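**Student:** Chains A and B, in that order, give the protein sequences.
Counted the way the numbering used here counts, the first sequence spans residues 1 to 606.
Counted the way the numbering used here counts, the second sequence spans residues 1001 to 1766.
Please note that the accuracy of each hint is not assured.
Using 20 Å as the maximum straight-line C-alpha spacing, the simulated DMTMM-like pairs for lysine to aspartate or glutamate come out as follows [stated by the list, open to error]: (1) K1642(B) / E533(A); (2) K451(A) / E1674(B); (3) K1119(B) / D1173(B); (4) K275(A) / D364(A); (5) K559(A) / D1624(B); (6) K451(A) / D1624(B); (7) K1642(B) / E350(A); (8) K565(A) / E1674(B); (9) K1709(B) / E566(A); (10) K571(A) / E1674(B); (11) K559(A) / E1608(B); (12) K559(A) / D1714(B); (13) K62(A) / E1608(B); (14) K565(A) / D1714(B); (15) K559(A) / D1715(B); (16) K571(A) / D1714(B); (17) K325(A) / E336(A); (18) K559(A) / E1674(B); (19) K565(A) / D1715(B); (20) K325(A) / E1348(B).
Covered stretches of chain B (in silico footprint by chain A; criterion: 3 or more residues with CB under 8 Å from a CB of chain A, positions within the stretch not fixed) [to be verified]: (21) 1463-1471; (22) 1609-1623.
Bear in mind the hints are in silico, worked out from the structure with no lab data behind them.
All of these numbers come straight from a predicted model, not from anything done at the bench.
The beta carbon of each residue, even a glycine, is placed where N, CA and C say it ideally should be.
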Amino acid sequence: MAEIESCFVFNASTKQSIFLCFQASNESLKMELLADVPLLPGEERVIDKDIIYICPFNGPVKGRVFITNYRLFFRSVDVDPAVTLNVPLGVISRVEKMGGASSRGENSYGLDITCKDMRNLRFALKQEGHSRRDIFDILFRYAFPLSHGLQLFAFLSQEKYQENGWTVYNPVQEFRRQGLPNDQWRITFLNNNYELCDTYPTILVVPYSASDEDLRKVATFRSRGRIPVLSWIHPENQAVITRCSQPLVGMSGKRNRDDERYLDIIRATNKMTSKLTIFDARPNVNAVANKATGGGYEGEDAYQNAELVFLDIHNIHVMRESLKKLKDIVYPNVEESHWLSSLESTHWLEHIKLVLSGAIQVADKISTGSSVVVHCSDGWDRTAQLTSLAMLMLDSYYRTFRGFQVLLEKEWISFGHKFASRIGHGDKNHADADRSPIFLQFIDCVWQMTKQFPTAFEFNERLLVAVLDHLYSCRFGTFLYNCESARDANEVKMKTVSLWSFINSDRASYINPFYTVEFVHVLYPVASMRHLELWVSYYIRWNPRIRQQQHSPMEQRYKELLALKEQYLRKLEELQLSDSTSHLSNSTAPSPSTPSQRVTHLQTPF
Amino acid sequence: LFSELLVKSVFVSFPLDLQRQILRCLTLMLRLSPPFGLLMCIGEIVVNEVNFVRKCIAVDSSREDLWGKLICTNFKVSFITHDTLQLQKFQYTNRLLGEHDIPLACVEQVVTVNDAKGKQKVLGSNQKLKFNPTELIIYCKDFRIVRFRFDEAGPESAKKVCLAVAHYSHPADPQLLFGFEFAWKRHHSARLNGVDIEGGPQVPLFDRPSDWDREIKRTGASEWRVCSINEGYAISPSLPEYFVVPVSLADQDLKQYSGFFAGQRLPLWCWNHPNGSALVRMASIKDPVQQRKLDQRICTAITKSHPKRSDVLKSDLDKSLPNIQDIQTAFVRLRQICVIEPFEESEERWLSSMEGSRWLEYVRAFLKHAAEVVYMLEGQHASVILQEDEDRDLSCVISSLVLIMLDPHYRSLVGFQGLVQREWVMAGHRFLDRCNHLKKNDKEESPLFLLLLDCVWQLLNQYPTAFEFTETYLTVLSDSMWIPIFSTFLFNCPRQRAEHCREFVQSKNSVREFNMLRFPCVWDWDQQFSRKDQALFNSPLYVGKGTSCIHNGTVKTFRRTKKTYSSTLRGLPSLPNGMLMEVETLPRRNSLAQRLRPDFSVAREAPESPSERFFREWLTRPADPHGLLLPQLLPSHLRLWKLYFLRWVPETQIPRGGPITAFHRLSLLADEIEALQAQLRRCGSASTSTSTVSTPNISHSESSRMYFKARSPDDLSSPPEYLTSSFPFSPVGNLCRRNILGTPFSKFLSGAKIWLSTETLASETL
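For reference, chain A alone in the conformation it holds in the complex (with noise of 0.2 Å):
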């Protein structure tokens, strides 16, 4: 590489993706290069303009922008090194025009752009004959699809892969792996075609002993029909995780029977579990307050056999301001006179602290063989985080680099988070009050995990990242529209490749070298704030005073590490043969055996 990328590191995953689709595009795919960079099969350049980048460390820097279907790209002239930027359009939340014709001051003119991924870039233009107006509406159109009748890029991509993300999931063989259905457990195709419940999926896992009568009746009390399910079971002491939204019980405290006696049944579904835990995981007066709207939580009176818990894990509100905080204090430049307290009233470590240990409660409710009930409100944010963060503590499986994957599909994509909503693909309303960062808080509650057991997970922080920059970018299929149903309405499977498709071709740069295979152990992360730390090289990758790595240190080292034990297991090979060969001339052994066995040989001192 010629040239660093100084100021804006560009993220790994997609210098990387252009690197493969080389190679794995068909001939017949024109590739046209763009200031150096290839384009994705699919992408298009749409225009590009001389421009000067502020950057906020280095101040203005002269180059070109150039803007396609996919992204902006901008090259400096005459700097060395080059300052690029690579900025996929999805990732941009709002454009805005910056000073006016008349503005004074020099690089007063031009476009402020905000991202969603924790930072901000603008612009400045000449001031005269409009010269921003066709860059602006283009970038608007072009960030704002959605907004403009256009199709996400995800729906042009022409990118090809050896691999089918698609199949990684397979609802059924997920549960068949778990051991489902069993004589408690059936799995039901009532919802088909999103009858019962159009958040969830098709395929659904209920107690054998509920009929599908039932579960209709139960889901006319549970907000949006989303009907305790099962999410996970104990492989050995059979208690479930099992995940919906909250009861309809409003003002009147109204009771519903079938939703009682459902919950009784799943509750008797484990012979262990006298009582059912139903984890409500907002705050109390939260759950109050739900009833003015309709909705509320399970009453003592109502349902005897269970306990209720909150865990006070704050709303999609609370959690977007959380980061938005959070982003005062980290971009463009950390906050360094009160750092840790600035950290502090972000309160963004303690939601963390507060989400991972309401899973490791859930955690450990099942591994001491009670089942429980998750939910909040709607059972697709809160709920989500707490189920898979649970199963990641329980099972093993969903620390592999597959079983990860499986569990995103299932918890998150599959049980409707409003990825969409949440996200705003394609959407120019940049304020809608739906946006919020439940995904990323989820994310960044596995890198917690990550750090304190550095060895329990296949794959590494890198993959993280990746999953984090294309719930943005609008490149792969895999994150876009709110559930399954919009998902098959949209054909997306059909029509898009799945982020999988493009990770899993690249499995080795994911991997966790420290990885040690483990079956039988919960994994209980410690949730103090002795521990938490700030994902300083997610939050703060853009600042250039903290040094850029693709790996970590760490794992670099035991790679290079591996890589001298091949070369001196080679060399002693080479050396016992020459040596054996030696032998056979002077006969003074009769050593017949082929290198192969000399190396197995050589290995026994160990």
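The hints should help you fit chain B onto chain A, whose structure is shown.
**Tutor:** What follows is chain B alone, placed relative to chain A:
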């Protein structure tokens, strides 16, 4: 066949070494056989003991408590029990201490409590106790809190032991520190047994000119010489006998100058950069009349010693860094929030409490200042004088850090130990006062050495492949300060050591042997740990300089090219030689990065300073673990050293987790590689000698540096059950916070020096 050979070669290669080790251990201690079970050092005597004592393990229940005997000796507080601790497996043992032992020098405060009467008292030396204690709480300097209960014990003996602990942990005189008795008896028993106790490690102690000569040669400081005018401490009481000065300064001049420096401390050479610039430390000049002249003379001399006659910059440490009291205050606050305050209650405000302690802020300030000095030496090719009033505290930290950042030699185990020996022990850091071993003057107490270790840890944490040693090593080194037998941490300066030794031997009426009183130095790790446990010091990530070239094509090592001096730089009309530049322009702490407006600012408020650019450009290049290292200084990138500060806190322990689990995996691989290297050597030598008999070469087990050993090739075994984030330490039984009479301890304490304030004492007398 191979395993047989291995055993054989081990046997052949070991005896001498093994013998020496065993003998050395024998001379150190004798383990009295059970039922006593007390591990006794040479020279150690039992003062008082009490039976049927309960050691408290958990805060809320007594189920896990241990029953045994509490003994106070002249060296330590010992608890002998036949119960085994269910929850705890000690993974490493100190040869000088039993599982439950606390050296008296490690005792920070002794508190006795009587539950029934609602009384408590902080015990000092020679004090009376009006009540029979039901409980003894010992607060330790290494953050442990150990609690004993006397419910079933004889009240009088319990009281006696408590008073003995208090008394013996406040020695009235340095010579009452256990080390003296130990060294004396050790010397005699060694002479009787004909064992050489001088074996020791291969660490230069810098108490002889040859050590300095080697260092001059190593750094290519040809214009510097070893000066011996302070032989017999004739000139300065706190300087070492030998130190290094510019060639152009004659002994006669130095003698004349010495009188003007605080403590007669002449400037000390620390190090030479390959580009010729030197690092020098210096005390302040007392006489204002002489100051200018003397300053100029010294600078001229330093400039003359620079091959390019570069400028000399002076960095005033007192002005830009926190003072020793600030550091002590920060440390006490940090201890407060780490181990005293109730865990759950302090969670919510944890981050701001950390900030409030200011410990990390100070760590950052020192790292940042050192980095600035590095810039002057490396980026500006200028020689630097570190000036501190007495040149015995802050400059020890800064010079050590600068050297560690610039010279990879000091990141090796031997190099680092030599560095501490030189910049701390020989340079006259007041260990006796700063450690407050005599508990006399609290104002002098300050954890400067721990501060250095924390700074080094930050670098280690940011560049794990650049250091030969581990954080366990740093922790254990810090703990060794509280075992008062090592010369390293017992004295204020070499002269004080010599004097005390002479006096002590005189007091034993044995004048002719005063030379023979030799304390072990801490670098002789065999004194404390088995070879196996010492393997925990070795980082599997570290590869010495030679090895990196073996890497295949995928491994790129970036090497700093030797600086070449541009002719323009030489030709520039720089400041006249010898003219002193006050580096008042040095940015004060917290100002490394110029603050930007939170929104986009079109232009920076201030242009990037040259040092900032130097740091930024360095950061964009790949880091060479064997080249220059600069710390990442953003506050977000400095961390609490959890292994040190939180190792005793049971709530923070991550079972089967923590960085140690990755360390375990790396160790296995590094061990395999070492085994392969050994095999390659054997094969190589076998084939060249064409002999079928394998010569007793360096065998695997001897050469292996790793604590965790691979049991088979490609050993992918999971980390052992006992690994926790606190490994090799265990919080069980080592941290027993309690609420006194329903009042949290913290209420009595507000960052004061002592753990219990005098108000508590007042309330006790009520």
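**Student:** All hints, please: hold or fail.
**Tutor:** Verification of the supplied hints:
no., hint, result
1, K1642(B) / E533(A), "holds (12 Å)"
2, K451(A) / E1674(B), "violated (28 Å)"
3, K1119(B) / D1173(B), "violated (31 Å)"
4, K275(A) / D364(A), "holds (15 Å)"
5, K559(A) / D1624(B), "holds (16 Å)"
6, K451(A) / D1624(B), "violated (25 Å)"
7, K1642(B) / E350(A), "holds (19 Å)"
8, K565(A) / E1674(B), "holds (9 Å)"
9, K1709(B) / E566(A), "holds (18 Å)"
10, K571(A) / E1674(B), "holds (14 Å)"
11, K559(A) / E1608(B), "violated (37 Å)"
12, K559(A) / D1714(B), "holds (14 Å)"
13, K62(A) / E1608(B), "holds (19 Å)"
14, K565(A) / D1714(B), "holds (10 Å)"
15, K559(A) / D1715(B), "holds (16 Å)"
16, K571(A) / D1714(B), "holds (17 Å)"
17, K325(A) / E336(A), "holds (15 Å)"
18, K559(A) / E1674(B), "holds (16 Å)"
19, K565(A) / D1715(B), "holds (13 Å)"
20, K325(A) / E1348(B), "holds (18 Å)"
21, 1463-1471, "holds (count 3)"
22, 1609-1623, "holds (count 5)"
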